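Trainee: Residues per chain are reported as follows:
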Amino acid sequence: MKRVLLEAVLVAMIGTALAFVANGLSPRGLKLTRDYFPGSNRTGAAVQPATTEAQGGTGRDLAKPSAAELAVARLKEKGLQVVDCKQALELFHDPRLAQGTIVFIDARNDEHYQKGHIPGAWQFDRYHPENYLSAVLPVCQVAQQVVVYCAGGDCEDSEFAALFLRDSAQVPGEKLFVFTGGWNEWTERGLPVETGGRNSGQRGVSK
Amino acid sequence: MNEGRTTARWRSADIVAALARWVLGGLFVYMGLSKALHPEEFLKLVRQYEMVSHPWLLNSIAGALPWFEAFCGLLLLGGVAVRGTAVMLVVMLVPFTLLVLKRALAIAGAKGLPFCLVKFDCGCGAGEVFICNKLLENSLLIFVACALVAGWGRRLALRFSLLRTPIQGRTPAPADRV
Chain A
1 MKRVLLEAVL
11 VAMIGTALAF
21 VANGLSPRGL
31 KLTRDYFPGS
41 NRTGAAVQPA
51 TTEAQGGTGR
61 DLAKPSAAEL
71 AVARLKEKGL
81 QVVDCKQALE
91 LFHDPRLAQG
101 TIVFIDARND
111 EHYQKGHIPG
121 AWQFDRYHPE
131 NYLSAVLPVC
141 QVAQQVVVYC
151 AGGDCEDSEF
161 AALFLRDSAQ
171 VPGEKLFVFT
181 GGWNEWTERG
191 LPVETGGRNS
201 GQRGVSK
Chain B
1001 MNEGRTTARW
1011 RSADIVAALA
1021 RWVLGGLFVY
1031 MGLSKALHPE
1041 EFLKLVRQYE
1051 MVSHPWLLNS
1061 IAGALPWFEA
1071 FCGLLLLGGV
1081 AVRGTAVMLV
1091 VMLVPFTLLV
1101 LKRALAIAGA
1111 KGLPFCLVKF
1121 DCGCGAGEVF
1131 ICNKLLENSL
1141 LIFVACALVA
1151 GWGRRLALRF
1161 SLLRTPIQGR
1171 TPAPADRV
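Chains as they are written, first to last, in this note's numbering: chain A, 1 to 207; chain B, 1001 to 1178.
Just so you know, the hints here were simulated from the structure itself, not pulled from any lab data. This structure is a prediction, so every number in the text was calculated from the model and none was measured. All residues carry an ideal CB built from backbone N, CA and C; glycine is no exception. Any given hint might turn out to be false.
[To be verified] Derived lysine-lysine pairs resembling DSBU-like cross-links, with alpha carbons at most 30 Å apart:
{"hint": "1", "chain 1": "A", "residue 1": "K78", "chain 2": "A", "residue 2": "K2"}
{"hint": "2", "chain 1": "A", "residue 1": "K31", "chain 2": "A", "residue 2": "K2"}
{"hint": "3", "chain 1": "B", "residue 1": "K1111", "chain 2": "A", "residue 2": "K76"}
{"hint": "4", "chain 1": "A", "residue 1": "K2", "chain 2": "B", "residue 2": "K1111"}
{"hint": "5", "chain 1": "A", "residue 1": "K86", "chain 2": "A", "residue 2": "K31"}
{"hint": "6", "chain 1": "A", "residue 1": "K76", "chain 2": "A", "residue 2": "K2"}
[Claimed, not checked] If you want the ones that stay clear, here's a sample from chain B, every Cβ over 12 Å from chain A, calculated:
{"hint": "7", "residue": "S1012"}
{"hint": "8", "residue": "A1018"}
{"hint": "9", "residue": "E1040"}
{"hint": "10", "residue": "L1043"}
{"hint": "11", "residue": "V1080"}
{"hint": "12", "residue": "M1092"}
{"hint": "13", "residue": "P1095"}
{"hint": "14", "residue": "L1101"}
[Unchecked claim] Some chain A residues near chain B, calculated using beta-carbon distances under 10 Å:
{"hint": "15", "residue": "L5"}
{"hint": "16", "residue": "L18"}
{"hint": "17", "residue": "F20"}
{"hint": "18", "residue": "L70"}
{"hint": "19", "residue": "V72"}
{"hint": "20", "residue": "A73"}
{"hint": "21", "residue": "E185"}
{"hint": "22", "residue": "Q202"}
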């Protein structure tokens, strides 16, 4: 048994070393020293995210705030402005969108962005800001209103992307708006979508 | 005659054990790589367990653990250091299963759901799963890993023990005496 435990220690040591090397070499690897959730406080929200209720179990106490209401309160607490789907749609149809003074930023990863995004939205995967900042930052500086969105629901990527743009890229906070309903609400309402790259011309209406 | 039957039974057990090792190894490679290719998604899920808050620790778990799982899976598939690797799997699976159970109980309590109707992405690499299925699956994986620790799955293993031990009662072959 002693040999087995020694073998386990060897496996753990070699495996851990290789795992860190693999993470370092992977283009999608995480930067170990970066704080991906700056200033986050998840008190009271620990149980809510990434869960779905199976059939028959709504179980929500109406006196308690919903996950969406908690998210809005959290965003406001961090000094971020919020838009709902109706306001996002108004901004989308605003002529200033074509002039570049209203900008949509998609904070999801490349895979999701390519599958579909709000037409004309710029991609800004906040986990790899170095890949997108050179394109997104000049656009944000020119814009008067920057609407950031991610999947919606319990997704926090739009929030952290907006915080990154404000705190690390010096985009004025008064320009930044988080569309809390995000991509899920946009598509649920059958609003226009674009697939592939930005301005790929592959436009349609979500089902 | 009886000896022949016993040998045949042992062969079947060996094959079952080797298959179990491959399935366990394949599962860990698949689960590990599916997380390693999307580490940011796994990072979010690890964060939900609220085990660690320091960014470096959180990033280390989310960045390295999936590769470590894939590494262990590869060792099992190849049959290298099987018992030591299986010990590591038990060391990972048992606390992880307890964490998943704790989180599921919290969700069930907060949402007023029957326990087995709780469904969430536990960070296992397979997306959202019903908790009872997950617990059953993990129990099976722990059982297989324990069986490997006990010495199952030697058949078709490249180097079952990294630190070889002499087999008791075996007369050394001429080649071994060199």
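Trainee: For each hint, tell me whether it holds in the structure or not.
Mentor: Consistency of the hints with the structure:
Distance check on the hinted pair: K78(A) and K2(A) sit about 53 Å apart at the alpha-carbon level, beyond 30 Å; violated. A threshold of 30 Å between alpha carbons decides the hint, and for K31(A) with K2(A) the separation of about 37 Å lies outside it, so the pair is violated. Taking the CA atoms of K1111(B) and K76(A), the gap is about 25 Å. The hint holds against a cut of 30 Å. Distance restraint check for K2(A) and K1111(B): the Cα-Cα separation of roughly 46 Å exceeds the 30 Å cut-off, and the hinted pair is therefore not satisfied.
Proposed proximity of K86(A) and K31(A) is contradicted: the alpha carbons are some 37 Å apart, above 30 Å. Proximity of K76(A) to K2(A) is assessed by CA-CA distance (about 57 Å); at most 30 Å being required, the pair is judged violated. At roughly 25 Å from the closest C-beta of chain A, the C-beta of S1012(B) stays outside 12 Å, upholding its exclusion from the interface. At the 12 Å boundary, the C-beta of A1018(B) stays outside the reach of chain A, the nearest C-beta of that chain being 19 Å off.
Non-interface call for E1040(B) relative to chain A: violated, since the shortest CB-CB distance, roughly 4 Å, does not exceed 12 Å. Not every CB of chain A lies more than 12 Å from the CB of L1043(B), the least distance being 6 Å, so the non-interface label is violated. Look at V1080(B): its CB is around 9 Å from the nearest CB on chain A, not clear of 12 Å, so calling it non-interface is violated. Chain A draws M1092(B) into its interface by the beta-carbon criterion, the shortest separation being 10 Å against a cut-off of 12 Å.
With a least CB separation of 14 Å from chain A, P1095(B) remains clear of the 12 Å interface cut-off, as annotated. Distance to chain A confirms L1101(B) as a non-interface residue, since its nearest Cβ pair spans about 14 Å, more than 12 Å. The beta carbon of L5(A) comes within 7 Å of a beta carbon in chain B, closer than 10 Å, and the hint placing it at the interface holds. Hint status for L18(A): holds, given a least beta-carbon distance of 6 Å to chain B, under 10 Å.
The beta carbon of F20(A) is positioned within 10 Å of a beta carbon in chain B (closest approach about 5 Å), and the interface hint is therefore held. Contact between L70(A) and chain B, as hinted, is not supported at the beta carbon level, the nearest pair being about 12 Å apart and thus beyond 10 Å. For V72(A), the shortest C-beta to C-beta distance to chain B is roughly 19 Å, which exceeds 10 Å, and the interface hint is violated. Given hint, A73(A) at the interface with chain B, is violated; its Cβ is 18 Å from that chain's nearest Cβ, farther than 10 Å.
Contact between E185(A) and chain B, as hinted, is not supported at the beta carbon level, the nearest pair being about 20 Å apart and thus beyond 10 Å. About 24 Å separates the beta-carbon of Q202(A) from the nearest beta-carbon of chain B, more than 10 Å, and the hint is not met.
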